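Protein chains in written order, with this note's numbering: chain F, 1 to 307; chain A, 1001 to 1116; chain Y, 2001 to 2175.
Among the hints, a few may not be true.
Simulated DEER-style distance windows between Cβ atoms [unchecked claim]:
hint, chain 1, residue 1, chain 2, residue 2, range
1, Y, Val2082, F, Thr158, 38 to 48 Å
2, A, Gly1100, F, Val153, 46 to 56 Å
3, F, Arg132, Y, Lys2092, 50 to 60 Å
Once the Cα atoms are required to be at most 20 Å apart in a straight line, the calculated DMTMM-like pairs of lysine to aspartate or glutamate come out as [stated by the list, open to error]:
hint, chain 1, residue 1, chain 2, residue 2
4, F, Lys82, A, Asp1087
5, A, Lys1104, F, Asp246
6, F, Lys250, F, Glu280
7, F, Lys50, A, Asp1076
8, A, Lys1086, F, Asp125
9, Y, Lys2057, A, Glu1103
10, F, Lys50, A, Asp1087
11, F, Lys121, A, Glu1103
12, Y, Lys2035, F, Asp175
13, F, Lys50, A, Glu1055
14, F, Lys113, A, Glu1097
15, A, Lys1104, F, Glu117
16, F, Lys256, A, Glu1115
17, F, Lys50, A, Glu1115
18, F, Lys40, F, Glu280
19, Y, Lys2052, A, Glu1115
20, F, Lys221, A, Glu1004
21, F, Lys253, A, Glu1004
22, A, Lys1030, Y, Glu2130
23, A, Lys1008, Y, Asp2055
24, A, Lys1019, A, Glu1115
25, Y, Lys2052, A, Glu1004
26, Y, Lys2052, F, Asp67
27, F, Lys82, A, Glu1055
28, F, Lys221, Y, Glu2130
29, Y, Lys2035, F, Asp198
30, A, Lys1008, F, Asp246
31, A, Lys1051, A, Asp1098
32, F, Lys111, A, Asp1098
33, Y, Lys2035, F, Asp182
34, A, Lys1012, F, Asp246
35, Y, Lys2070, F, Asp217
Calculated from the structure, these hints are not laboratory results.
It should be emphasised that the depicted structure is a prediction, and the values quoted were computed from it without experimental measurement.
Every residue gets a Cβ at the ideal spot worked out from N, C-alpha and C, and that includes glycine.
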Amino acid sequence: MTTAQTKNKTDDQTKYGYFLGCVMPAKMPWAEKATMLVSKHLGLDFGYMKETLCCVRPGVWKAVNPDWWLSITAQNLANAEKQGIVMVDTCNGCYVSHYEAIQELHEEPEKMKMVNEHLVKAGMDPLKGTVRVRHYLELLYEDVGMKKIKANVVNPLTGIKIMRHVGCHARKRGDILPNYFDEILKATGVEIIDTPYDKTCCGLLLYFSDSNQSILDRIGKKMLTAKELNVDAYAIICSGCYDQFDRAVKVYKDEKGIAFDTPIVHFSELLALAFGYKPEDFGMMYCRPIPTTKLIDKLKTLKEGKQ
Amino acid sequence: MSQEQPIKAWTKLLEAGRKITTHQQVDENKFYPLRRVFRPAAPDIAKASMKRDFEQGLVYYVGDDVENDRAMCGLDRLPPTARSFKDAIDKKRIILEDAGVFEKTTYDKKKGTFEY
Amino acid sequence: MTSEAKIQKNLGKPIPVPGTEEKVSDLVIVHDPNKCTGCGQCMIGCAYKHYKTFDRKFGLLYVNESPDRKGFYVNANCQHCVYPMCLASCPKEAIFKDEQSIVRISPMLCVGCGTCNQACPIAIPRLDEERKIYVKCDFCDGEYPMCFQMCSPGALQLLPRKEAFELVKKLRGGK
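Let the sequences and hints guide you as you build the complete structure.
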């Protein structure tokens, strides 16, 4: 899309605010950059949401005290409302936390009142409840549309075999988000390999509870399957899950002596590559526990082969 | 049930949580053997993450090395999170205080430690 | 919506107990293994609610990987049976069914013999190591159950007994 077209469209388009969360800015700068590149490429009015704090992981905080969870999450929601944006989450955990919080606040006016009292005390505007929370996959599938995404694919990643990990929280609304994820991956031209451990949780939620089960029984089995099948990459959505992948790679290397060689990539990176961006454009080769050199080399040879 | 040792990274996290606890129940019970051990509202394993959340607003810290990585990937050195907006953390702390989180988790915001 | 209102919404009409003129209006938690990802949030939520720890071993429901099928997770949770075997077996009469149709173990009467565990078809009551008594699911005292609230993939469902039975029948392939 040309810049002129984009400018004309911005007036009636909603403004999206990208909620980063904890892991994304600290551990996955490449995914953050790729997401920004993809969104700009598709002509979305996409910017950062400012003053973001931890979404407050519902897995921990909701069990501890639902009222605390609502109060702390409300600060992010109130910020988004004040900035006049639609909140966009790429992390499933953040998405569920915000999505459930706003739903619960709508259902229970008493809780809304309580939350607003806290917000006013902190010098913030009370929450009206008009803020919308959306997942990045929803944005791509519903607002941009598969037609436009497919039309933008100039460099299909044919011949790249990937395994995919959806994550538990993305299944909150049934099969909607997992289906979007599959469709978007297929549009990039990659070959998806199905395994019995596709559905399995990454184990992050179990980490506080039982480290052995969390690392060895959940993520370890997934990564060992990827190693066995010799896939080119492991595509993920959620930055919370990435945190667990990152941890598992280190644990297996230090304590088990097993080195994994399947790079973990964010789906926005695959999209960016398919849209014709080079790996250097979003720093695909930096700060990763598993280097992406093999994948980048394969992409290069595939491209040369096509030409 | 298997008697496997927990992984080292997890044990470190647990020890970090114990380190920021003022009253070590295990040690104190040597002097008061009849006192019943109770479980505080904040489990030891979660304390380190909770402390980071309370102090920085985020669970992961963006330090110099991360800033360099961010610059390499073509991003601003500082993310537009609470790392750049310090007053967001102050507001968060007021909410935490007001909601009674500090009180119930026995967190001392000046010392940065948990009582239990 | 308060948790009571939420429960009422799920509850629907009372269901007749087969063979009697009694009617029960109780809810049960059913697990759909096709949706379960084995994340263990239900166990962690339960463990924190009852024991203030994140250790899943303290939970009162159990999710494990199926021994016959990779990446398939099965669960065992108390169904609060209409005619509980544990209640019938207890030599101390410590197990009772309260007015909300929740099957409970009285901690004052329980001596920790473990007969309930042996009698239960899915061995739900477990030994509480600290108190040396047997404990089991108390349906979060009739509130909105924590395990159900925590389940993100929607594997745990809160259904009236009859609908739950239909679902389990469907999951088993009509048997």
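Evaluated hints:
Separation of Val2082 (chain Y) from Thr158 (chain F) is about 58 Å and departs from the stated range, judged on CB atoms against 38 to 48 Å. At about 52 Å, the beta-carbon gap between Gly1100 (chain A) and Val153 (chain F) stays in the expected band of 46 to 56 Å. Between Arg132 (chain F) and Lys2092 (chain Y) the Cβ separation comes to about 56 Å, which falls inside the hinted range of 50 to 60 Å. A threshold of 20 Å between alpha carbons decides the hint, and for Lys82 (chain F) with Asp1087 (chain A) the separation of about 15 Å falls inside it, so the pair holds.
For the suggested pair Lys1104 (chain A) and Asp246 (chain F), the alpha carbons sit about 33 Å apart, so the restraint of at most 20 Å is broken. Of the supplied pair hints, the one linking Lys250 (chain F) and Glu280 (chain F) is violated, its CA atoms being roughly 25 Å apart against a limit of 20 Å. With a CA separation close to 13 Å, the supplied pair Lys50 (chain F) and Asp1076 (chain A) stays within the 20 Å bound. Among the hinted pairs, Lys1086 (chain A) with Asp125 (chain F) is consistent with the structure: their alpha-carbon atoms are about 18 Å apart, no more than 20 Å.
Of the supplied pair hints, the one linking Lys2057 (chain Y) and Glu1103 (chain A) is violated, its CA atoms being roughly 28 Å apart against a limit of 20 Å. Proximity of Lys50 (chain F) to Asp1087 (chain A) is assessed by CA-CA distance (about 12 Å); at most 20 Å being required, the pair is judged to hold. A C-alpha spacing of about 17 Å is found between Lys121 (chain F) and Glu1103 (chain A), which places the hinted pair at or below 20 Å, so the restraint holds. A distance of roughly 10 Å separates the Cα atoms of Lys2035 (chain Y) and Asp175 (chain F); the hinted pair therefore holds under the 20 Å criterion.
With a C-alpha separation of about 18 Å, the suggested pairing of Lys50 (chain F) with Glu1055 (chain A) holds against the 20 Å cut-off. This hinted pair checks out: Lys113 (chain F) and Glu1097 (chain A) have alpha carbons roughly 17 Å apart, not beyond 20 Å. With a CA separation close to 19 Å, the supplied pair Lys1104 (chain A) and Glu117 (chain F) stays within the 20 Å bound. For the hint linking Lys256 (chain F) to Glu1115 (chain A), the alpha-carbon distance of about 37 Å lies beyond 20 Å, and the restraint is violated.
For the hint linking Lys50 (chain F) to Glu1115 (chain A), the alpha-carbon distance of about 34 Å lies beyond 20 Å, and the restraint is violated. Taking the CA atoms of Lys40 (chain F) and Glu280 (chain F), the gap is about 17 Å. The hint holds against a cut of 20 Å. Our distance criterion of 20 Å between C-alpha atoms is met by Lys2052 (chain Y) and Glu1115 (chain A), whose separation comes to about 16 Å. Pair hint Lys221 (chain F) plus Glu1004 (chain A) holds up; C-alpha atoms about 17 Å apart against a cutoff of 20 Å.
This hinted pair checks out: Lys253 (chain F) and Glu1004 (chain A) have alpha carbons roughly 18 Å apart, not beyond 20 Å. Our distance criterion of 20 Å between C-alpha atoms is met by Lys1030 (chain A) and Glu2130 (chain Y), whose separation comes to about 18 Å. Only pairs whose Cα atoms come within 20 Å are accepted, and Lys1008 (chain A) paired with Asp2055 (chain Y) is accepted, the gap being roughly 17 Å. Of the supplied pair hints, the one linking Lys1019 (chain A) and Glu1115 (chain A) holds, its CA atoms being roughly 11 Å apart against a limit of 20 Å.
Between Lys2052 (chain Y) and Glu1004 (chain A) the CA atoms are separated by roughly 23 Å; this puts the pair beyond 20 Å, and the hint is violated. This hinted pair checks out: Lys2052 (chain Y) and Asp67 (chain F) have alpha carbons roughly 16 Å apart, not beyond 20 Å. A threshold of 20 Å between alpha carbons decides the hint, and for Lys82 (chain F) with Glu1055 (chain A) the separation of about 24 Å lies outside it, so the pair is violated. Pair hint Lys221 (chain F) plus Glu2130 (chain Y) does not hold up; C-alpha atoms about 34 Å apart against a cutoff of 20 Å.
For the hint linking Lys2035 (chain Y) to Asp198 (chain F), the alpha-carbon distance of about 12 Å falls within 20 Å, and the restraint holds. Restraint check for Lys1008 (chain A) and Asp246 (chain F): satisfied, since their Cα atoms lie roughly 15 Å apart, inside the 20 Å limit. Only pairs whose Cα atoms come within 20 Å are accepted, and Lys1051 (chain A) paired with Asp1098 (chain A) is accepted, the gap being roughly 17 Å. The straight-line distance between the Cα atoms of Lys111 (chain F) and Asp1098 (chain A) is roughly 14 Å, inside the 20 Å bound, and the hint therefore holds.
A C-alpha spacing of about 17 Å is found between Lys2035 (chain Y) and Asp182 (chain F), which places the hinted pair at or below 20 Å, so the restraint holds. Pair hint Lys1012 (chain A) plus Asp246 (chain F) holds up; C-alpha atoms about 17 Å apart against a cutoff of 20 Å. Straight-line distance between C-alpha atoms of Lys2070 (chain Y) and Asp217 (chain F) comes to about 11 Å, which keeps the hinted pair within the 20 Å bound.
When held up to the earlier numbered hints, the structure conflicts with 1, 5, 6, 9, 16, 17, 25, 27, 28 and fits the remainder.
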